[in-house]
Every structure is written in C-alpha cells, then in structure tokens.
Amino acid sequence: MSKLEKSFSCSPKRRAKESLTCPQCGKSFTTKKSLKPHMKIHTGEKPHTCDQCGKSFAQAHTLKLHLRSHSGERQFNSDQCGEKNLRSFSRMDYLKLHQRSHSGAKDHMCFDCGNTYTTAAVLNRHQRIHTGEKPYKCSHCDMRFSQAGNLKNHERIHTGEKPHTCDQCGKSFTLKGALKSHMKIHTGEKPYSCDQCGKSFRHTYTLKIHLRSHSGERPYNCDQCGKTFPRAEHLKVHLKVHTKEKPYTCSSCGKSFSQLGNLRIHQKRHSGVKDHMCFECGKTFTAAVTLKKHQRFHTGEKTHEKVQSGKKPFTCDQCGKSFTQSGSLHRHTKNSCLKLK
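In terms of full-length UniProt numbering, the sequence shown opens at residue 1 and continues consecutively.
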C-alpha cells in the first residue's frame with residue numbers, strides 16, 4: 001500500500017463517515033446532521049409542539065409543515081388535474097407524490113425482490129420487510145414496529161383512543177379501515193358474492209370463510225378430541241368445552257357462559273330488549289339467530305336442507321355436540337347435558 005493510500009484510509013473524514021451508524025438499528029448516515037433527527041425515532045423525543053392542537057414533532061420543519069393544516073395554506077397546485085378537479089397541497093413533496101398518480105412513474109426499485117415504488121420513502125418502508133428493521137417501539141410495552149403508523153394504531157390499545165366515529169350511529173373505532181368496514185352495515189353494501197349460491201358479503205374474508213361451507217374445508221383442529229372447525233373462533237369457543245371455562249357471568253342472576261355473545265343474548269331476557277326485527281312482519285326478537293330461524297317461515301327454507309348439507313351451526317358449550325336447529329340444542333341442554341352435571 002502506498003503512502004497516499006494509507007493516508008486516505010486513515011483520514012479523519014473517512015473514519016467519521018464509517019462511524020455514523022445508529023447504535024439502535026444499525027442504519028448508516030453520511031452526516032451527523034441526518035443521524036441526529038433519526039435517533040429521535042428511538043428515544044421518542046418530540047420537543048416541537050403545536051400551540052393550536054398540542055401535537056408534538058421530532059423536528060422543527062415537520063411542525064412548520066403541520067401548521068399549514070390549521071392555516072389552510074396550500075401553495076402548491078397540480079397543473080394536471082384540470083380546473084374542475086384542481087388539487088392543491090401544503091407541501092411540495094405531497095404535490096410531487098400526487099403528480100406520479102398521473103405519470104404512473106415508479107422509479108424506485110427494491111433490489112431484493114424487484115418491486116418498484118413511486119417514492120424513496122415508500123421504498124424505504126418496504127425494505128424493512130427484508131431487513132426486519134423495527135425502529136418504532138411502543139412506550140407502553142416492548143412491542144416494536146416497522147412502520148410509524150402501525151405503532152400509532154397499536155398505542156391506541158393502551159390509551160383506548162378511538163378517533164374514527166360513525167356519523168350514522170356514533171360508534172367509534174381505533175382504525176379508519178374498521179370504520180370504513182362498519183359503514184357497510186348502514187349502506188347495506190355487500191360487494192363480494194359467492195359464485196356457487198349467490199350469497200353476498202361485506203368483506204372478502206367473510207366470503208372466504210363462507211366458501212368452506214361448500215368445500216367442506218375445516219382447517220382448525222382441536223388437539224384434545226380431534227374435532228375440526230371452519231373458523232379459528234369456532235375452535236377457540238370449542239376449547240372451553242374441555243377447560244370448562246365460563247368467564248362471562250350475568251350480573252342479574254349469576255349464570256355463566258363460555259361466550260360473550262351468549263351472555264348478551266341472555267341479558268336481553270332480563271331487560272326485555274328485542275332489537276332484532278323481521279322486516280316482513282314486524283315481529284321482534286332478542287337474538288339475531290332467533291330472528292334468522294323465524295325468517296325461514298317467510299323464505300320457505302327447510303331444515304332438511306341443512307341435514308343434507310351437514311351444516312350444524314348450533315353447538316352445545318357443555319359437550320360440543322352440534323345441531324341443525326337452536327330448538328334441538330335447547331332441548332338437549334335442558335335434558336341430556338343437565339343429567340350429566
């Protein structure tokens with residue numbers, strides 16, 4: 001190695017660049033100026049506070065940008081939307097991101113999997129899937145997250161914050177997606193249809209579960225007795241048969257239940273609440289399952305159809321035996337299971 005090469009390899013500037021690594025997550029930086037704000041992600045330090053809403057920020061310039069949400073200042077206009085759909089933005093980077101929706105440009109590529117993205121920031125978030133980096137730590141527990149948004153949503157579990165409220169019924173939700181899903185109850189929207197029987201559902205996952213009634217797929221197995229179930233929550237409820245667990249107790253009469261839903265239905269018998277109404281004849285019921293059974297009189301659905309399909313939706317929480325009708329379950333609970341106690 002020449003003197004010049006030795007001099008270059010030992011130069012203070014070279015060593016300084018190599019030492020600018022975050023001790024928490026290992027991420028590297030070219031300058032101390034860029035490393036310092038990054039460290040605030042790990043420490044949770046947010047010294048810059050908005051005097052209008054109290055929201056805090058790690059960096060002064062982020063607070064400055066946030067203040068525009070109060071002032072309504074939107075100085076960056078899109079020239080590609082047309083006059084009727086003119087879009088304005090409070091930040092230049094928001095405008096640039098929006099403009100990509102017109103151009104379709106995705107020039108930031110992940111070298112691990114080949115996926116492309118519109119911005120470097122989105123690419124950076126994606127790459128944490130490959131690196132396993134989780135720089136965002138919950139201040140209430142030890143859980144860590146790869147995305148700041150996921151941490152924010154998680155922390156609402158601890159704080160109980162539910163900022164997304166339904167303007168139809170007042171019910172609040174932790175996640176915006178949960179509110180969006182809930183709104184389909186009011187609109188009646190059921191965009192996902194079964195191509196075998198035509199039944200429609202609000203969510204894709206509900207349709208997926210329903211399809212198992214046609215295929216007979218029951219992927220969840222009880223390791224105690226070998227019984228199988230189409231849904232994980234059905235298995236979870238069934239396991240209480242083995243543990244004899246009945247954590248839900250009626251405050252009026254002391255009767256206990258293995259499922260919260262069963263307790264709520266039972267409590268309506270004390271209160272007299274019948275909030276499930278048949279739109280055909282106006283008759284009301286305490287439980288949705290009772291209403292559904294009643295509606296068969298209007299639709300003409302026969303019980304023998306369930307016998308042929310093998311569908312037995314009513315399960316005894318004492319012994320795990322299933323029935324095609326709720327009445328059969330009720331008689332079984334009063335007679336057979338009562339004698340076993």
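Because the hints were derived from the structure by calculation, they are not lab data. Warning: the hint list may mix true and false statements.
Said to hold, decoys possible - Simulated pairs of lysine-lysine, DSBU-like, Cα-Cα distance not exceeding 30 angstroms:
1) LYS244 x LYS283
2) LYS255 x LYS236
3) LYS162 x LYS32
4) LYS240 x LYS283
5) LYS293 x LYS283
6) LYS32 x LYS64
7) LYS64 x LYS46
8) LYS162 x LYS152
9) LYS162 x LYS274
10) LYS190 x LYS292
As the list claims (entries may be wrong) - Between beta-carbon pairs, the in silico distance windows are:
11) LEU20 x VAL122: 18 to 28 angstroms
12) GLY54 x ALA148: 16 to 26 angstroms
13) ALA178 x CYS138: 14 to 24 angstroms
14) LYS292 x PRO219: 18 to 28 angstroms
15) GLY254 x ALA60: 53 to 63 angstroms
16) GLY26 x GLY54: 26 to 36 angstroms
17) LYS134 x LEU175: 16 to 26 angstroms
18) THR206 x THR21: 29 to 39 angstroms
19) PHE29 x VAL122: 11 to 21 angstroms
20) GLN224 x GLN325: 18 to 28 angstroms
Since the structure is predicted, the reported quantities are computational estimates derived from the model, not experimental observations. Just so it is clear, CB atoms sit at the ideal spot from N, CA and C, and this is done for glycine as well.
For the pair supplied as a hint, LYS32 and LYS64, confirm whether the alpha-carbon distance does not exceed 30 angstroms. holds (22 angstroms)
PHE29 paired with VAL122, Cβ distance criterion 11 to 21 angstroms: Between PHE29 and VAL122, where Cβ atoms are some 20 angstroms apart, the hint holds.
Restraint check for LYS240 with LYS283, where alpha carbons must lie at most 30 angstroms apart: Roughly 34 angstroms separates the two Cα atoms, so the pair is violated.
Cβ distance range 16 to 26 angstroms for GLY54 and ALA148, holds or violated: holds (18 angstroms)
That 18 to 28 angstroms hint for LYS292 and PRO219 (C-beta), does it hold up? With a Cβ separation near 25 angstroms, LYS292 and PRO219 satisfy 18 to 28 angstroms, so the hint holds.
Are LYS190 and LYS292 close enough, with their CA atoms no more than 30 angstroms apart? Measuring from Cα to Cα gives roughly 18 angstroms; hence the hint holds.
That 29 to 39 angstroms hint for THR206 and THR21 (C-beta), does it hold up? Violated, at about 47 angstroms.
GLY254 paired with ALA60, Cβ distance criterion 53 to 63 angstroms: holds (60 angstroms)
Check whether the Cα positions of LYS162 and LYS274 lie no farther apart than 30 angstroms. holds (28 angstroms)
Note whether the CB distance of GLY26 and GLY54 lies within 26 to 36 angstroms or breaks it. holds (34 angstroms)
Is LYS255 within 30 angstroms of LYS236, Cα to Cα? Satisfied, since the Cα-Cα distance of roughly 21 angstroms is no more than 30 angstroms.
Taking 18 to 28 angstroms as the stated bounds, is the beta-carbon spacing between LEU20 and VAL122 within them? Given about 24 angstroms between the Cβ atoms, the range holds.
In this structure, the earlier hints numbered 1, 3, 4, 18 are contradicted, and the remaining ones agree with it.
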